[in-house]
Structure formats: structure tokens, C-alpha cells
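Here's the letter readout for the chains.
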Amino acid sequence: ETGVTQSPTHLIKTRGQQVTLRCSSQSGHNTVSWYQQALGQGPQFIFQYYREEENGRGNFPPRFSGLQFPNYSSELNVNALELDDSALYLCASSLNGNEKLFFGSGTQLSVL
Amino acid sequence: QQQVKQSPQSLIVQKGGISIINCAYENTAFDYFPWYQQFPGKGPALLIAIRPDVSEKKEGRFTISFNKSAKQFSLHIMDSQPGDSATYFCAPHSNTGKLIFGQGTTLQVKP
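Protein chains in written order, with the working numbering: chain A, 1 to 112; chain B, 113 to 223.
For reference, chain B alone in the conformation it holds in the complex (with noise of 0.2 Å):
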């Protein structure tokens, strides 16, 4: 768990403010980097995912900012919602075939 550290661990914006978290790794053999969103009592649901040729990727209020040569990519939410309330998680994936997740990142936009 220590090749990610993922950062702030838990984060206030009020509606309509952006949001950003950010994650910092240490394996240069991480090919794919996506970052999850899990609710209370559900599994963590795939949100955004990066790869390293890119140095950034939007969809939607969601953009990966990406920095290969620092080794740190990270999730910003544009005009934050209610409804994002949630843990997030970066989890870059390595090249064994498993993501390795972050501690998490626990999301309140309050209204």
C-alpha cells in the first residue's frame, strides 16, 4: 500500500466548488491510472481512468490531470454536487494485473 499515497484524507467543498485529490505513486510500471468512487456499503465503481501517454482526460465535471515525471496524477470535480459524496480512490493498475488502491479520500459537498 505504500507505492500509493493518495492525500488530502478527507475533504469539505460546498456546492458548486471544485473539488481536487491527489495521488502520488512510486511504481514507474503502473500502466493504467483510474480513480474509483464507492458510496457506503457498495463495491468501488470505476469514475475516470488515464493512460500515461495522456497528461490530461475529461469527462464530463470529472478531469485526471496527469504527471508522469512526478510520478502524481489527480482527480478534480468541477462544480462539486451533493450527490458526489462519497470515498475516493485512486488505484493505479500494475503491470501483475492488480490495482493497487490508496487509503482514500472521503468526499462531503455540502449544500
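Bound conformation, chain A alone (with noise of 0.2 Å):
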């Protein structure tokens, strides 16, 4: 059984580029959410993924948008960059939205 991955570990962008982020989830599971984490703070919630319908979304604009494929592996990506976009993004796992959720350790992303 794997566990969640996520690529790339790092990135470097400039302010206005886009970027896609990419996510596997753990053997099995079905749901994928994906979490912004500034520096020093909590995650927070970005949006969801249940069988490639998004299920539920945070308080971010529509420059942050998602995709999950049938093998309910996901994508999260982000135009126009902006500066205060830099963050470690998570995804997690989980079985059918049950709310224990597996985290990935997540893609650094640095806007200049």
C-alpha cells in the first residue's frame, strides 16, 4: 500500500506564471483535498475532489483550480501567481470523504 505523493517537492516561479501541482492518492481512496500552508500557520482548505467532481471549497479565488482523474489522482493548479501564493500545498486522502485524511508531505512553492 502506498501512501500519498506528491510532485514536484519544490518549486521556483515569477509572480503571474502558472503552475500545476500534482497528487497521488493513497491505494484505495477516493477523495482528495488540497491545502494551502503559509509559513508558520495551520493549513488551509482549498478544495475537494470525490469521483472528479470537486465537493466543497474554501475561501480562495478562481485562479486556484482543480482536477481529479478516474484513477482519482488530482491535479491542483494556480494562475497569474501572486506573491502571497508562496506556501506549502498538501494533499490528502481519504476514503469516500471519511473524514481521516492521509497527508502527502506536500510541494513548496516559491513565487518571486
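Treat the hints with care, as some may be off.
Computed footprint of chain B on chain A; a stretch qualifies when at least three of its residues, placed anywhere within it, have a C-beta under 8 Å from a C-beta of chain B [claimed, not checked]:
no., segment
1, 15 to 25
2, 93 to 106
Restraint-style ranges between C-beta atoms, simulated for each label pair [unchecked claim]:
no., chain 1, residue 1, chain 2, residue 2, range
3, B, K117, A, R63, 44 to 52 Å
4, B, Q115, A, L67, 25 to 33 Å
5, A, N71, B, Q220, 17 to 25 Å
6, A, N79, B, G128, 47 to 55 Å
Under the rule of at most 30 Å between Cα atoms (straight-line distance), these lysine-lysine pairs were calculated in the DSS-like manner [claimed, not checked]:
no., chain 1, residue 1, chain 2, residue 2
7, B, K154, B, K169
8, B, K127, B, K154
9, B, K170, B, K154
10, B, K169, B, K183
11, B, K169, B, K127
12, B, K183, A, K100
13, B, K170, B, K127
14, A, K13, B, K154
15, B, K127, B, K117
16, B, K169, B, K117
17, B, K170, B, K183
18, B, K117, B, K180
19, B, K170, A, K13
20, B, K170, B, K180
21, B, K170, B, K117
22, B, K170, A, K100
23, B, K183, A, K13
24, A, K100, B, K180
25, B, K169, A, K100
26, B, K222, B, K169
27, B, K222, B, K154
If you're looking for bench data, these hints aren't it; they were derived computationally from the structure. Virtual Cβ for every residue (Gly too), placed ideally from N, Cα, C.
Could you fit the two chains together into a complex? Lean on the hints.
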């Protein structure tokens, strides 16, 4: 059984660019959630995907978008990057939206 | 994030001591109350969790105490070890399917 894996581990982008982050859920899990963790803060919910449909969204602008694939892996896309988007982006998977989330190690995004 | 307030922000405990971290929440619709542990460079990992129909749950050295009327729950780490040094988050689960994380408590256990 493999855990949640995220790629890349680190990324440096310039303001205004677009970025795609990837996540493979834990084996058997069909729900993926994305969180943003700014330095020294707790993670904040971005959105959740269940069976390829968005199933809840936090207080993030539309330039944050996502996708879930038939194998339940997921992507987070951020357009028009801003300096404040610099953060650790965490992916978490669960079974059928269960509250027990299993997190990956995250992608550290730096926007210059 | 104002829905959940965690204290203290940081904590230093001697090896063998008791670490206590508190979490206060506002939303009475929360239905699951976990604590997550996060080491540098890693994602949060579920440590222990409780449901609102139970007042206390113990797993090894870790105990959650839950006070529904006060809308508070706490994490107790008995016999704290240097390996427990990490950041701890309370993250109650809302009925909208998301975890609401507190601001975190950085625990340092001195040898």
C-alpha cells in the first residue's frame, strides 16, 4: 500500500506565471483534498474532489482550480501567481470523504 | 481560521513531563475532533481523534479530553520524549467536509 505522493517537492515561479501541482492518492482512496499552508500557519482548505467532481471549496479565488482523474489522482492549478501564493501545498486523501485524512509531504512553492 | 483557537503557541517541556495543548472552537456543527502532528518538511499526520459523544480517549501516551459545553478539547502527552518535538494542530472537521486547522503549537521536549 502506497501513501500519498506529491510532485514536485519544490518549485520556484515568477509572479504572473501558472503552476500545476500533482498528487497521487493513497491506494483505494477516492477523495482528494488540497490545503495551503503558509509559513508558521495551519493549513487552509482549498477544495475537495470526490469521484472526479469538486465537492466543496474554501475561500480561494477562481484562479485556484483543480482536477481529479479516473484513477483518483489529482492536480492543483494556480493561474496568475501572486507573491502571497508562496506556501506549502498539501494534498490529502481519504475514502468516500471520510474525515480521516492522510497527507502527503507537500509541494513547497516559492513565487518571486 | 478564527473558528478555531489553539494555545499555547509554543511549549517547552522536560523529558518525562506532561505536555498540554488546548483548542477552543466556535462551530457547534463540528463532528470530529482530531489532533495532527507535523514534523519539518512533512505533511500533518493524524495522531489521535475523538467524537463528540465521548469525553476522553487515550491511545498510549496520548489523551484527548473533550468538553462539549465549553467547546474545548485538549491534547495531553504523558512522559514526553524528545521525539515528540513537532508542531501540533487541532483540526475539527466540519459537516462541509473540510478540516479547520488551528494555528499550531510548537512543542520542544528537552532531554
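Results of checking the hints against the structure:
1. 15 to 25: Coverage by chain B is violated for the segment 15 to 25 of chain A (0 residues, Cβ < 8 Å).
2. 93 to 106: The restraint on the segment 93 to 106 of chain A holds, since 9 of its residues have a Cβ under 8 Å from chain B and three suffice.
3. K117/B to R63/A: 44 to 52 Å: For K117/B and R63/A the Cβ distance comes to about 30 Å; the hint is violated.
4. Q115/B to L67/A: 25 to 33 Å: 28 Å, holds
5. N71/A to Q220/B: 17 to 25 Å: 41 Å, violated
6. N79/A to G128/B: 47 to 55 Å: Distance hint for N79/A, G128/B holds at roughly 51 Å.
7. K154/B to K169/B: 26 Å, holds
8. K127/B to K154/B: Holds, at roughly 23 Å.
9. K170/B to K154/B: Roughly 25 Å separates the two Cα atoms, so the pair holds.
10. K169/B to K183/B: Distance of about 16 Å is within 30 Å: holds.
11. K169/B to K127/B: With a Cα-Cα distance of about 23 Å, the restraint between K169/B and K127/B holds, given a limit of 30 Å.
12. K183/B to K100/A: Within the cut-off at roughly 21 Å; holds.
13. K170/B to K127/B: 20 Å, holds
14. K13/A to K154/B: 22 Å, holds
15. K127/B to K117/B: 27 Å, holds
16. K169/B to K117/B: Measuring from Cα to Cα gives roughly 21 Å; hence the hint holds.
17. K170/B to K183/B: 19 Å, holds
18. K117/B to K180/B: Status holds; Cα separation ~15 Å.
19. K170/B to K13/A: 45 Å, violated
20. K170/B to K180/B: With a Cα-Cα distance of about 17 Å, the restraint between K170/B and K180/B holds, given a limit of 30 Å.
21. K170/B to K117/B: With Cα atoms ~23 Å apart, K170/B and K117/B stay inside 30 Å; holds.
22. K170/B to K100/A: 18 Å, holds
23. K183/B to K13/A: Given that 30 Å is the threshold and the Cα spacing comes to 42 Å, the pair is violated.
24. K100/A to K180/B: 21 Å, holds
25. K169/B to K100/A: Judged against 30 Å, a Cα distance of about 16 Å means the pair holds.
26. K222/B to K169/B: 26 Å, holds
27. K222/B to K154/B: Holds. K222/B to K154/B sits at ~22 Å (cutoff 30 Å).
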